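**Student:** First to last, the sequence lines map onto chains C and P. Residues 1 to 114 in my numbering are what the first sequence lists, from first letter to last. Residues 1 to 112 in my numbering are what the second sequence lists, from first letter to last.
There could be a bad hint or two in this list.
Said to hold, decoys possible - Which bits of chain C does chain P cover? Going by a derived footprint, with three or more residues having C-beta under 8 Å, they are:
1) 38 to 47
2) 83 to 96
3) 104 to 114
FYI, nobody ran anything at the bench for these hints, they're computed from the structure. Note that the structure is a prediction, hence the values are computed from the model and not measured. Think of the CB as a built atom: it goes at the ideal place given N, C-alpha and C, for glycine as much as any other residue.
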Amino acid sequence: EAQVTQNPRYLITVTGKKLTVTCSQNMNHEYMSWYRQDPGLGLRQIYYSMNVEVTDKGDVPEGYKVSRKEKRNFPLILESPSPNQTSLYFCASTQLAGHYNEQFFGPGTRLTVL
Amino acid sequence: GNSVTQMEGPVTLSEEAFLTINCTYTATGYPSLFWYVQYPGEGLQLLLKATKADDKGSNKGFEATYRKETTSFHLEKGSVQVSDSAVYFCALSGSNDYKLSFGAGTTVTVRA
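Isolated chain P, as found in the complex:
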């Protein structure tokens, strides 16, 4: 079945530091890949997505590229802010279903 593995946290950074969260997946066919963000006390929000190989998703300064050859979808941001403190989930949905398979989540804390 489909599965997602993302780097364990927690991750603590200083403001303006570079952030990368690794995500790899196992899936058959051509899944869609997502990064969701969960701010404290809130539900999940879609951060960015990519639906085919070599697509780059981007939003709010975050980027991730769908790499089929390495089955990866790493999340990056060049200069984090305190407001980026949240839990980040990598997820995929298979080409033939709508279920989202999630990674375990990575807690990111950005200190001023």
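So here's chain C without its partners, still in its complex pose:
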């Protein structure tokens, strides 16, 4: 089954404790990205990657890191989480082909930083 998976689905942590949210896709997509969803703001892009070893900042990258060592994986790293990073996070992927690019989303990771 074609899908994007994320782990963990729920996480409660404390300020300053490094964490990683994993994302994996099995569709051989080149493009992957991370979004955060906050009430009244919709989803905003954090980082994206056009291919292996190619990453770039989205609209709200502060406090986050990413890596793309393999095509299928795109982990999101919070080196020193803060309460303002409490949010619902989504990983997404798509092919780099054509003008129309449907993005496939993971199930989401709900993060609470105390």
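Position chain P against the provided structure of chain C, taking the given hints into account.
**Tutor:** Leaving out everything else, chain P in the frame of chain C:
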């Protein structure tokens, strides 16, 4: 930059009522337009899309028409069901990038 504005919710309807959610956008060039739906506790699913002016996207009884002259992509459904209760997001991707720009989302609740 690109931006999307959609009507604020929440919207509460009775079953079989008509639903419309307004969406307008600002973008350069020729963006692709999307409606995504998020059911409770789930991720986002693509509901419908339109990639050029005057295209009509449709799925599950929902429709939206890409209107370049009014920069709009309003979502409509003629007769909603309880199972349509969800959050609906209007989104666009620019003609030269893959980032999705989302509206704030509209929560729709359909009561039996």
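**Student:** Please go over all the hints and tell whether each is borne out by the structure.
**Tutor:** Comparing the hints with the structure gives:
Counting residues of the region 38 to 47 of chain C whose beta carbon lies closer than 8 Å to any beta carbon of chain P gives 6, which meets the minimum of three for the stated coverage. Figure legend: the region 83 to 96 of chain C, annotated as covered by chain P; annotation consistent (4 residues with Cβ-Cβ distances under 8 Å, at least 3 required). Using a Cβ-Cβ cut-off of 8 Å, 4 residues of the region 104 to 114 of chain C lie near chain P, which meets the minimum of three, so the contact claim holds.
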